[in-house]
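Each protein sequence line maps, in turn, to chains A and B. Sequential numbering of the first sequence, starting at 1, is according to the numbering used here. Sequential numbering of the second sequence, starting at 1, is according to the numbering used here.
Please keep in mind that the hints were generated in silico from the structure rather than gathered at the bench. This structure is a prediction, so every number in the text was calculated from the model and none was measured.
Derived DSSO-like pairs (lysine-lysine); straight-line CA-CA distance at most 30 Å: (1) A/Lys-861 x B/Lys-268; (2) B/Lys-279 x A/Lys-904; (3) B/Lys-171 x A/Lys-634.
Stretches of chain A that chain B covers, calculated by requiring three or more beta carbons in the stretch to come under 8 Å of a beta carbon on chain B: (4) 291-302; (5) 698-710; (6) 1005-1016; (7) 1064-1074.
Glycine included, each C-beta is placed from N, C-alpha and C at the ideal position.
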Amino acid sequence: MSKRAPSSEDGVVRPLELSRGELYKAPTLEELSRLKEAESLFHCSLLKMQMEELLKEVALSERRKRLADSFVQRVTELLHAVPETPVTEVSDLSWLSVVRVPFLLVPNTTKGKFHMKPPASVSLVGSYPLGTCIKPHVSVDLMVTIPASVLHPMDAINQRYPRKRALYLAGLTEHLLTSPAVGKVQYSCLHGNRLRPILLVTPPGKDAGSLTLRIHPCPPPDFLKPSRFHPQKNNVRTDWFTGLEASQPGVKEPATPQYNCSVVGDHLPQAHLQYLTAFSEQCPAFKDGVALLKVWLRQRELDQGTGCFGGFLASMLLAHLLSTHKVNRSMTAYQLLRNSLHFLASTDLTENGITLARNPDSKAPSMADFHSMFPVVFVDHSGHLNLCAEMTAFTYKRIQHEALLSVKVWDDPTVDGFQALLMTPKPLIRTYDHVFQLCELGKLQLSCKKLGLMSELMDHSGNYVLAALPFILSLLQRGLGQRVQLLAHSLPLSPEWPVDQDPPKHMNQPPLSFGLLLQPEHATSVLERGPPADSPKAAEFRELWGPLSELRRFQDGGITEAVLWSATSTCQKRLVPQQIITHLLQLHASVPASSVRYVGGQLDSVINLGQELCSTGEEESLRVIQNYDDLSRKLWQLEDLPLSITSVQGAHPALRYTQVTLPKKKKKKNMEDKPCPVYICPIKVICHLEGSGKWPHDHLAIRHVKAAFHIRLGELLHAEHRYTCRPSATHLDVWKDGLVFRIELAYHREPLVLRELISPEGLQQQRDNAEARALELEIQHKPLLTSTLHGLQQQQPCFGTVCRLAKRWLAAQLFSADLSEEAADLLVASLFLQPAPFTSPCSPQVGFLRFLHLLSTFDWKNSPLVVNLNNQLSAAEYTEIKNNFVSTRQSLPVMFIATPTDRKLSMWTQESPSVQMLQRMVMVASESLRVLEAQLMDLKQLQDVRVVFRPPLDVYDVLIHLKIQQVPLVSYAVDRPKKFLRQGTNRGPVADPGGFLPVIDYNPVSKYLKELRVSRAYIALFFYDVYGGKVITVLWKPQAFEPQPFKVTDENVCTVPNVDAILQDFCILGEGLVQNVEPRTKTWTV
Amino acid sequence: MAASARKHASQSCVIPGGFSVLRLKFSADSAAHHQLFVKEHRVRSEKSAKRPLDRTLFVLNIPPYCSKDTVKSMFSKFGTIQSVELTEKPGTSEAAEPKLSECFAPSTKQSQGFSVGYIVFKNSSSVSAAKSHPHDEPLIASTEKRPVKMGINKWIQQYTEMLVPTEKLQKAVDSFMNEYDKRKEKEAEQQRKDEMEQQEDEEGWVKVTKGKRGTKVRPHSERANERTLQKEDKKRKRKELMNFYTWQHRNTQKEHIAELRKKFEEDKQRIALLRAQRKFKPY
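Construct the entire structure; sequences and hints are all you get.
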């Protein structure tokens, strides 16, 4: 049964019309079972189909498999033909002509003999033969067994085996280079482990991008006894590594678990493949399950680099689950994924490791041995190898955190789990609230010395970055303590280098990034309170914080050690973690502050309000709201009004912490004076009056009654509190403590009265009209939204700041006329209410990045954005909204935002944006996101975040430059004028509530824009950055210059626009405001 | 807008439709100019006494900066003007709304686009004078004697006009409310009278009228109507038996399967669409 939708070419889902016959025919058994399965296993059949599509998308095509097979065939033949070379000393490299040895030969001296010989065997290992290899970056692993005669049983110690392995690889490379059958050849190393270099070979010609062959040299299986590599044994001698004679021969050599692990690991690929193949054959969905898990890991950047949780570990994990019967063989891929995530979320491998070994031999180390040497333990089936040897405890914590989050998301029926978990990438910068980078990694060499990590350095064969990393992490974790939920670090990527060059030095690695997931309650605290002075822990505390730790006496009487960080405003407090990190790294690891690049507050400057003090508006918002609370209390207490006030509600962005241009305290300024007076934004407050039979039943009369109430209210406020008030027909302006509140009285039945209509038969009818809708929006919906978002701010302290950034960006990119403030606030609110797959943002920066991401990637055409304010919507209501949306898509606005109180209309996006503007918004957002993320993460980029706040002007036809003296909000502009303009100065708080009213709500630019938009709407679009823009951009409408029929007559006469007059009108309308009009294109030549 | 018609260097310029073209400059030193299209007002159905057919000049394309006064002064050189009317679109003059005081007049009424004007002259000769005005001699809107305030000055003026003294506002409110009360009282009086008429007189007769307040059997508003319907519906629902007979049970199952099928098909469509848009590429 298939009936195509009438038209899905335009990319819009339409409701289906199925005939009765098709819907009600008798079901077949197969169909019944399919429907049943979809209903019970998945939330809906959609998820099942989505999974299938995803798997199809990542699976390797037959063509590529054929290509891989033939390429492997060719390379295998080549490898078997490697010529033999005479036996030389290992340190003698003269037999290599072109290529270099892929190994950092430190220290240089090695004993032993080496010669090239054709490999004992060449075979496929890893994901490709197992069938779990997925796109992109298809890599096929080829194991080359080094003949036993090349190696010596004593090669286990002092890096002799790894060096011989590297030499063998160099020999193979030299031979491969002679053949035209291979394309690009590069060295790399397995998961960043410099002891295990590998060779990357791509096919020649146009197939180069489609796959990479990775050649791993390996010893013959069972060549070296695994018991020699017990994690607590030493295989790298100190005297050899340091070049010094051991001073005390009696001292036990330190264990080298990492080294041991990497040598053992080389013996086992074949065995692992056999082990996994057995499971894959038992469980039909095994391959798909691994593929899904790999996609999940890849989206979280966990599948590559040192200590990663790669595809191999994923298959091993599934094997573990199958062997312990935690999953069933007949489960589907989706169930396997879900169960493995659940297992990861609930099992702590840092405490209770798992093992695949059923009956390990007597010499195998015990779990306790493993735990003593490795932070994360997952032992393979041989019982000798820890598969998670390189993983730090922090990486595992991160995996656990992600898994827990994902399981939660999947249990939530209101979230599209598929989209959130498998389709959304989670790069570090967009995932973590604050990010910092260690730039000059060479400095870590000193840290190793300072931290006393000689044996670790030896174990990591001189890789000081890896040796120091766990210690730095635990140091920071101690220092940050409760401030962070999670401390994560990027996995150092495996370097790749040309075969004719030496391997890159450790210090030349790209910077190491760390991410902090903040705990909003504690992260901004300026005080670090330690133990009491006399407790034994005090010494520890002093040791950690060094000279910053002081004895302090607190109000509760306790005298304790404490550290006080210097920060006054909220935006400075948010950066306390930065102070902690730089201090600790400097103190304990001798990493200078200059090589710590902290990314957390770079965007603050864009919305900075204070002149001297850095502030991102939290303090100003709070002051407005406190004043408002005071006013509302006073309004409640008024007694002499003829009707009592039933509610006082704010209806202004400043009263929900999201106003960009926060009212500053200002003195009044004379009107006729130049430049124009400071813009004072009236803060709108809606007061509902009680219903009464005395209210007239006529809208004009209601308006007059309200005016009378405004007058009366003004008199009362003046009499009781000495506020200067100015009543008008529509509102009452109250001048209070340097702020202007615009009180509007409302009568709840007024919209009803406006809608009322008496039909000719005398029947009373309700008919919707624009006036009633607008009034309802003002007196009912805006106050409700304001109070709801105010509530959200109380739970999420950086909501307001993210809104301010987002709106600043929208305005700067000239979109503020197209996306209403309320809609922008709702978009931001959705980031906080439904953060999946992330956690709710705790810093303005990450919130803003996610806002751009949401704007640019959301599928506005086919899905409604549901903002579940106050968690009022249930899953069933979500579905209802979605169904309703699909069935009436054509008549709904292009950008559809539903809230619990507005499920069918999307009232804030009714008028705008238009399709074209939304498209442009999406485009600009994705470009801004790209530029901004690159800037924040990459040192080499130009460091000026304001770039994304400067709109491209070259697409516009005419620019109208304004005189900046007449732009009242110029001090909020992205690029503020260097010279501070005389604009009515801020002379501190206004003490007495009386005095004259200032000029309120006088903005010549907005008046000018309004006139332009009204008089020229038919020919052009006008764009302006409402927060202090200096230029109005004009775009001719595409149809503007087509001749129009002359409307008044019937005759065939056409008119065309008179562009010169229009341009001159721009000047005339804005006399005194317009500097000049600059036409940039000549499209009007008619 | 400029007419695509050829310019005549000669006297007046007449374009198809019987319009003469007049040039208009904002001030004497402006470079560009607008074009006004004028014609005698000639509509068959015109009944309004405000626009006498012989003396009214119909003007198109008046720029937004020309107020009534500006138009009046510009055209007074063709003869004495009786009245000027500016509207957004040509058509009959609107019925006068209840007179509102200026503080209550909605601000949106002020048109800011190009407007259409009806200029009524004292003498009909002025109409033809205007029509034959030479094309190359532009009218000037803002002269030194009577400057048109634009831009900053205009907005400052608007702002000051917006500040209405409280007393004036109070007075406006009072006068409106008094009138309103009077009107209401009159209506109440009328209603009382109607009701009085419907009462029995001494002899027991009732006067039957055609008045709207006749039968009151049905509730008299749409909403009330709906409510009664809903109530009846609910009553009927309550009496019905669900899943009682076998066929009912069978039907429910059938419905369930149909529902699942429908959903399945819808999902299939959605997937096909997403696939077409390459939405399944994870990275």
